[in-house]
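**Student:** Sequences listed follow chains L and C, in order. Mapping to the working numbering: the first sequence position 190 is 1411, numbers consecutive. Mapping to the working numbering: the second sequence position 82 is 91, numbers consecutive.
If you're looking for bench data, these hints aren't it; they were derived computationally from the structure. Computed from a predicted structure; not experimentally measured. We treat Cβ as the ideally placed atom computed from N, Cα and C, and that holds for glycine. Warning: the hint list may mix true and false statements.
[Unchecked claim] If you anchor each label on the Cβ, the simulated ranges turn out as follows: (1) L/L1353 <-> C/D48: 16 to 24 Å; (2) L/T1396 <-> C/G117: 52 to 60 Å; (3) C/P50 <-> L/T1396: 37 to 45 Å; (4) L/A1339 <-> C/P50: 34 to 42 Å; (5) C/G85 <-> L/I1258: 29 to 37 Å; (6) L/G1320 <-> C/V133: 29 to 37 Å; (7) C/V133 <-> L/H1305: 16 to 24 Å; (8) C/H105 <-> L/F1299: 15 to 23 Å; (9) L/G1320 <-> C/S115: 36 to 44 Å.
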Amino acid sequence: MKNEPLANITGTLLITAFLLVTLAFAVQGAFETRTEIAHTFSRQAQIQQAQIELEELLRLQIDEENSLRGYSLTRDPFYVAQYHQAAAGYDAKEQVIRGILHDQQLSGAGVLLGAYSALQSRWRGEVARPLLRNPRARLVALDKRNKLFSDYETRTVADVRAALAAVEARLVASTQNQLNRSAYVRAFWVLIFGTLALLFNMYRSRLNRELEQERTITEILQRAFRSESVPLPHCEVGSAYCSATRQLAVGGDVFDVYRLSGNRALILIADISGKGVDAAVLTAFIKFMVRAIALRHSEPAAILAEFNEAFSKAVGNPYLFVSMFVGVLDTATFRLEYGSAGHDCAYLRRSNGVEQLSVTGPVVGVMEEPFYSKIIDLEPGDTLVLTTDGLTEVRNRDGKPLQSAGAMELIEQAGAHAQQLADDLVEAARARSGPRLRDDLAILAIRVLDTERVYA
Amino acid sequence: MRKAVSVLLVVFWAAAPIAVWADCKEHRGDRVVLYSTTDDPSVLIWDSRARLRSYYGASFDEAQALLPHAILVAPGTRGTVISCVGDYIESPLFQHPEEAVGVTISSGPQRGVTRWVLGSDVRVTPNGHP
Chain L
1222 MKNEPLANIT
1232 GTLLITAFLL
1242 VTLAFAVQGA
1252 FETRTEIAHT
1262 FSRQAQIQQA
1272 QIELEELLRL
1282 QIDEENSLRG
1292 YSLTRDPFYV
1302 AQYHQAAAGY
1312 DAKEQVIRGI
1322 LHDQQLSGAG
1332 VLLGAYSALQ
1342 SRWRGEVARP
1352 LLRNPRARLV
1362 ALDKRNKLFS
1372 DYETRTVADV
1382 RAALAAVEAR
1392 LVASTQNQLN
1402 RSAYVRAFWV
1412 LIFGTLALLF
1422 NMYRSRLNRE
1432 LEQERTITEI
1442 LQRAFRSESV
1452 PLPHCEVGSA
1462 YCSATRQLAV
1472 GGDVFDVYRL
1482 SGNRALILIA
1492 DISGKGVDAA
1502 VLTAFIKFMV
1512 RAIALRHSEP
1522 AAILAEFNEA
1532 FSKAVGNPYL
1542 FVSMFVGVLD
1552 TATFRLEYGS
1562 AGHDCAYLRR
1572 SNGVEQLSVT
1582 GPVVGVMEEP
1592 FYSKIIDLEP
1602 GDTLVLTTDG
1612 LTEVRNRDGK
1622 PLQSAGAMEL
1632 IEQAGAHAQQ
1642 LADDLVEAAR
1652 ARSGPRLRDD
1662 LAILAIRVLD
1672 TERVYA
Chain C
10 MRKAVSVLLV
20 VFWAAAPIAV
30 WADCKEHRGD
40 RVVLYSTTDD
50 PSVLIWDSRA
60 RLRSYYGASF
70 DEAQALLPHA
80 ILVAPGTRGT
90 VISCVGDYIE
100 SPLFQHPEEA
110 VGVTISSGPQ
120 RGVTRWVLGS
130 DVRVTPNGHP
């Protein structure tokens, strides 16, 4: 029956959302930078591989030329085999480099490599093949052409080398830029994130302080307005009150045992919708208003009807309502006459089990429907157990509420004496919910004693 | 006036060879050995320094057309420096301009001929200075 402080929750959720979005951006940025740098490193590795392969290609070209020289000088077929092996290696290596340059979209270097290979191809046609066909005719002109090819291939390889070195230099610069940008971006996000976290912490501290102040005031008010256990003739009275755990605002639960004239006693338990100081102040209003009405009316239905009217006029808030149980107990005859305004947490424990006392009218503050009273004759040993919904709505770790059936089971198993029963219920509620109680819990237990023993 | 101009001309004439030789590491009369790069150590010697310069700046086909004006000598061919022009030849192959060296060949089949050679193909022998 409690409402959440929506404004506070909205503020907290907004800042939390900002923090999460900031964090998500920072994480995404870090991953993007990592991917970019990894890509650049991969390209750099490819370029370096191409450079190594190019040097290998140059070595194979020289091997071809040297094999040809060897054959020209010695006419040994071994050098012909060496020449063909170097030529095949050259062609394979050239394809590897061409593939890398194509993958890296280095068309300029690709053109230069093509020119280099074209020169080598021409050299094979114009110098190598004539010499292989006729090694004895080692013409001066062929030697000069060999020198020419050698000079120009060296020049072309130098151009390819320079092109690859330029690309590598650009990639190194790009990596450096990415690292720099990553550092700046990370610093920016850390700054944003840190500032937001700081704001969030300040906001949360302020919120907690306000909640704590309100809670303290509410607890003081509740302590001031809560009834002490008033002794009733031939009865045991036990009670317990547990505030909701800190961080959650305290609600408006109230109970009262008040001796009217003669043997009659007023028994009251109520649960106000809403929480905080307003609800705490209302508990006092309810307690003293019901007492005052009960002095004039003996029937609970009449007390509820008059209180309903007074409450609607005094509070004037259509969203505020109260579930309440009002009973008038005759301590001589043990006749209990009660009215229950939407309060279904009222139980009677007897020797043969626990029964739930039926509701006899709507909650107070909602409508002007008639209230009814019921009469029960209590027997010695019977215990009237009144609680608020803090018991029936207490949830286990799976989020399942206890509900009335569970509450009745706990009441049946609880201790015999009134106070022991109240304490057992509180302990059971805490055991079920863990250390945190989400709602206030009020318990009032009245046990009828053995009259013979009392009168003795 | 005529006398002054004549004196200036004489001074320029005398100073010009000094300026040309100034950037060369070889000197007239140095004994040298011809040796090119390790890729192909044989050396082209040219009938004029202009063609030598053109060869290194030309395209492949242009360079091929110049080849009849060059003789290929074996690595290790000896010679004597008779002339040198510093920073004369520019090429993508070189980081800095090279010199053109005039050499009289003193060994091998080309003994006695005088030709132009790329500076980096010329190595001064130990105790090669006259």
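**Student:** Hints first: check each against the structure and report whether it holds.
**Tutor:** Going down the list of hints, with the structure as the test:
Checked against the hint of 16 to 24 Å, the pair L/L1353 and C/D48 passes, with Cβ atoms roughly 20 Å apart. A C-beta distance of roughly 54 Å is found between L/T1396 and C/G117, which places it inside the suggested range of 52 to 60 Å. The hinted range of 37 to 45 Å is satisfied by C/P50 and L/T1396, whose Cβ atoms lie roughly 41 Å apart. For L/A1339 paired with C/P50, a C-beta distance near 25 Å fails the hint of 34 to 42 Å.
A beta carbon spacing of about 53 Å between C/G85 and L/I1258 contradicts the range 29 to 37 Å that was offered as a hint. At about 46 Å, the beta-carbon gap between L/G1320 and C/V133 misses the expected band of 29 to 37 Å. The hint said 16 to 24 Å for the Cβ distance between C/V133 and L/H1305, and at roughly 41 Å that hint is violated. Checked against the hint of 15 to 23 Å, the pair C/H105 and L/F1299 fails, with Cβ atoms roughly 42 Å apart.
For the pair L/G1320 and C/S115, the beta carbons lie near 52 Å from each other, so the given range of 36 to 44 Å is not met.
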